[in-house]
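*Asks:* Starting from the known structure of chain A, arrange chain B on it as the hints suggest.
Top to bottom, those sequences are chains A and B. End of the first sequence = 869 in my numbering, gap-free, step of one. End of the second sequence = 869 in my numbering, gap-free, step of one.
There may be inaccurate statements among the hints.
One copy or two, either will do: identical chains are not told apart, so a pair holds if it fits within one copy or between any two.
Once the Cα atoms are required to be at most 25 Å apart in a straight line, the calculated BS3-like pairs of lysine-lysine come out as [unchecked claim]:
hint: 1; residue 1: K600; residue 2: K859
hint: 2; residue 1: K561; residue 2: K483
hint: 3; residue 1: K600; residue 2: K396
hint: 4; residue 1: K396; residue 2: K596
hint: 5; residue 1: K733; residue 2: K499
hint: 6; residue 1: K305; residue 2: K859
Don't read these hints as lab results, they were simulated from the structure.
2 protein chains.
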Amino acid sequence: MPVSDQSLANAIRALAMDAVQAANSGHPGMPMGMADVATVLWGEYLKFDAEQPHWADRDRFVLSAGHGSMLLYALLYLTGHRHPTIDDIRNFRKLSSPCAGHPENFLLDGVEATTGPLGQGLAMAVGMAIAERHLNAVFDDDLVDHRTWVIAGDGCLMEGINHEAIGLAGHLQLGRIIVLWDSNKITIDGSTDLSTSEDIPARYRATGWHTVACDGHDPVDIRRAIDEAIADPRPSLVECRTIIGYGAPTKQGTSATHGAPLGDDEIAGTRKALGWDHPPFDIPADIKARWEEFGKRGAEPRAAWDARLADHGERAEFERRMAGRLKDGADLSGYIDGLIADPKTVATRKASEMALGAINDLLPETIGGSADLTGSNNTKTSATKPLTKDDYSGRYIYYGIREFGMAAAMNGMALHGGVIPYAGTFLVFADYCRAAIRLSALQRQRVVYVMTHDSIGLGEDGPTHQPIEHLQSLRAMPNLLVMRPADTVETAECWALALAQDDRPSLMALSRQNLPQLRLEKADNRCAKGAYRLKSAKNERRIILLATGSELHVAVEIAEKLEAAGYGTDVVSMPCTELFDEQPASYREDILPDVSNRDVLRVSIEAGTTFGWERYTGLHGLRFGIDRFGASAPAPDLYDAFGLTADKIAPKILDHLN
Amino acid sequence: MPVSDQSLANAIRALAMDAVQAANSGHPGMPMGMADVATVLWGEYLKFDAEQPHWADRDRFVLSAGHGSMLLYALLYLTGHRHPTIDDIRNFRKLSSPCAGHPENFLLDGVEATTGPLGQGLAMAVGMAIAERHLNAVFDDDLVDHRTWVIAGDGCLMEGINHEAIGLAGHLQLGRIIVLWDSNKITIDGSTDLSTSEDIPARYRATGWHTVACDGHDPVDIRRAIDEAIADPRPSLVECRTIIGYGAPTKQGTSATHGAPLGDDEIAGTRKALGWDHPPFDIPADIKARWEEFGKRGAEPRAAWDARLADHGERAEFERRMAGRLKDGADLSGYIDGLIADPKTVATRKASEMALGAINDLLPETIGGSADLTGSNNTKTSATKPLTKDDYSGRYIYYGIREFGMAAAMNGMALHGGVIPYAGTFLVFADYCRAAIRLSALQRQRVVYVMTHDSIGLGEDGPTHQPIEHLQSLRAMPNLLVMRPADTVETAECWALALAQDDRPSLMALSRQNLPQLRLEKADNRCAKGAYRLKSAKNERRIILLATGSELHVAVEIAEKLEAAGYGTDVVSMPCTELFDEQPASYREDILPDVSNRDVLRVSIEAGTTFGWERYTGLHGLRFGIDRFGASAPAPDLYDAFGLTADKIAPKILDHLN
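Just chain A, same shape as in the assembly (with noise of 0.2 Å):
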């Protein structure tokens, strides 16, 4: 007897409700509500294959309803995938367990994208079809021609950054993504009456979008709609009227289902309604291997890529770009002999647009963008024309202004792969996209954010445009490198620490305003151990001081006016706070040793909040920043006016001594 849609779906269900029992927590009622869909989607759509959940030219899916984690945790472990397995699901948001609450790209094959925080996940999608058109107009068909699906709730479309992501994805055209929309009006405060009256398909035809509705619990009705959106030449967004919790026979339908355990006596009813009457965690045999004929459905067509790319010309670019691997012998050490036979006074923006002019041209697989601000935060060399509905093989984005819509999608692109992207923004509006950055460190991708305007040095745009707390909010994260070059060299090797990080993601704060060349001698790079000496006290050593960018010129002003005053003085810069936390002890010692600040004054100077950089001056050091909202002027006046000059700083210092 064959196996029915309906087993198949229940199976999904069964494993969903069972699970989020006996975790005691979770979300059934996404899993419960969208298993026919899930089924018509991975039994008869989606292309994988679960034996090589890493081929390149496999379909990416994206569970952007990220808490109904058990719907994507069971496909792979019913379709054959080697985790989960059953005990992984039975240990369900258990630290032992690879199934976490939501879905971590890490713990997991398969899961292409941490999701949970709602709307990012659709946006990720959209930065991953990006990715699949350019790599399939910069190699062919035989190589990239896959599609990228999304399963998105309420919250999901409700989100901000859906506008974002949407409209971006309707710009470029993205015909290979299909959003399959769970519409079941229930949110977890009830009813979505209670909070939009949206005609959402509207809004997504009014963005360029292909719309289409279903019946999500008929597999004949889901198959016409989705053959729908295949054949439609833009981005589908395609309406699954689903009941979420299907099948709990008291709580169906109603936010009762959504974000906790159904209870011992509705799974009974449950299983009766369902007529599903195994044990929990028991998917019987046939059921079982009619999912693992799904998991094997790619095989074929798998080998066949294989074939394809064995013998195609660009093999060996192609396995490169998608495994992250720089090229070889692309450094920017001639770059940076140059820079050391010319040097430059530009702002740090511009060293990176310079930096960014070698590293684009020897790297052809960055994809450079700006949220409109493109002349501002320098982020467009002559490598990169435009990537458009009509070019995808171009390799700068103008993003809009959708800084988190924008970030998302480096997310998505990175997670894709084949692919290294950047793109800036003012760093006041790391703000706008932080929830993605903190993304991108969780995932560990490699992105790289160009963070221009860096300070009250932006000047006359004033307290909204100029940073404070930024800088050190976003040391506070973990796994983000946060670097912050004092010159054009050592733009550029941060620039290469940035791309060596291929597990995780790096910002740029630079400087809008110009800065001298401070670095005149060919060595390694210096910024890779995060901080480093950088002039040596002339006297016996009294005083350390420790700045980072736009503030490292001031600092060696300030070292010259104290060494007149007979005070040894080392000047340290501090590009990369955390590369310099990870150094041995004994190098952290030698720049920065542990004894008294009687002995050796350490003083920070950053034009940003003092806060947090006690750990490196030690209570007894002294700060000099800024704890107060900016202002509006002309730079040179606000850096007098917040006392961040070396006439204001260097008697301060002094007096401090005496």
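*Replies:* Relative to the frame of chain A, chain B by itself:
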């Protein structure tokens, strides 16, 4: 001879281009493009009285495209506001002038909101419109009956927050809000065609808005469109088709006019093209006089309103609320006495709900809400029925999954006055609304953020939902109080403190998990000093434990173990580091004496990053926290795995001492 509409508008254009030129920075394009629309609006529609910019029933005008600040400064000057003066405008973007690069609400009356971070002005206007309808429903048409007007650019409409803001406004059918969209098809990077293909009016209609278009340079057509917008009961988007930099002979219609001075030659050409032959900053008397008549249009209705207020039965209550004064005797001492008498072990989110029960009964001006986490944030109490399109008198807003829009709306409500907004989400999603939290702080507004699930203590939802860097990254923000209470009594004390701050926002970080009540004796508000000694050492003091929130009871347990081992241990509760930093040195010295850690070891314990805790422990103290992302598991397992239990910490402290 009557003054023409064109001359009135040209006065704005001239001030804008000349001020930007004098400052050698700024944005002339928008003021020049929208001058005709602004002239019609301020000349004929906007209800205001230049003599009384604080008139409670004035229309609110928000320049969401804040970079066009010279438009607003010109309007305020021309209509005869006391400030800015013409000298203020001459000194545009200098430290001495209130005419900052972007409009700052704290520098000039008539600047209703600080704008510049795109999208937020419009979203704050939605909050203003909510406050207006609410106060209208609570009082009546005699006291509250005004509109909210917005000028927004393409950037404001492209930002994600626009989706959230208009979704909320459409759902609540805020017909008193009218958005004048400066549709000039230009962004910084160039044509809007570079980055968007959206049919913006169609999107607005999809969310329940009325839309209409006009020629933004034809006063007759502008009046027709505004009249239609006023007549329609829905919120309205008026597409004003304009030419950016209107009048600049070679630059108009291009991004060259957006954010840079036009230059002397172009300005001379503009003068010629506009027929404006007056020197910079010189407005002919007849034109100035006509503008000043506009500034007096509102004098009569304002006087009539004053008379109505004088006779109104609710006058005292209305004035109290608009002044932001808490009711006399509205304190929580009675409620706290009850807690002392009958201690409770509950989560601090529950303790917050209990405190809110008392607060919402005492203070009718509170308006609560949640971004679809009502039952998790515990923000709704019996006194707060929903605020809906059918009943604006409600005091609870189902904001939907719109964290950023919610936060901006709260800013708008607070700026409007007459209400005290509070609302919640999970602490980790502070990242979604961080840019609006910053504007609460910069604008000095009493907004209370109720951020629950404040650590790994939330358990199974895993790293996407577990704050790590959030507490410290928020403490780094100027003018924001971060409060992390430890039990029912501290939660009530923190709420009392938050409500008492009339010039800054507060953010309550609250636990998901239950916590024992540690405060068992009557006392004045001990949280008021930010940190206090909960328990004094019994043996000779060798250790000071500093803890916040859910780790305070852990510290108490550790202290018991250390005392048992003979080490005298203080336990300091530190619910608000910012308030502690504001205490006199003598108090701080009493709590945290500046002695060597060898004599008295300072130890911090907080289930978040240790970054920044050096400020209180010194370099040689100990810091227990979490410097990586979290994990998915039951909370007790996580506390154990991350080493944040008394059993794990006490031995480490003893080891360190030995």
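*Asks:* Could you tell me which of the numbered hints above are not met by this structure, giving the numbers in increasing order?
*Replies:* Result: hints 1, 2 and 5 break, sorted rising.
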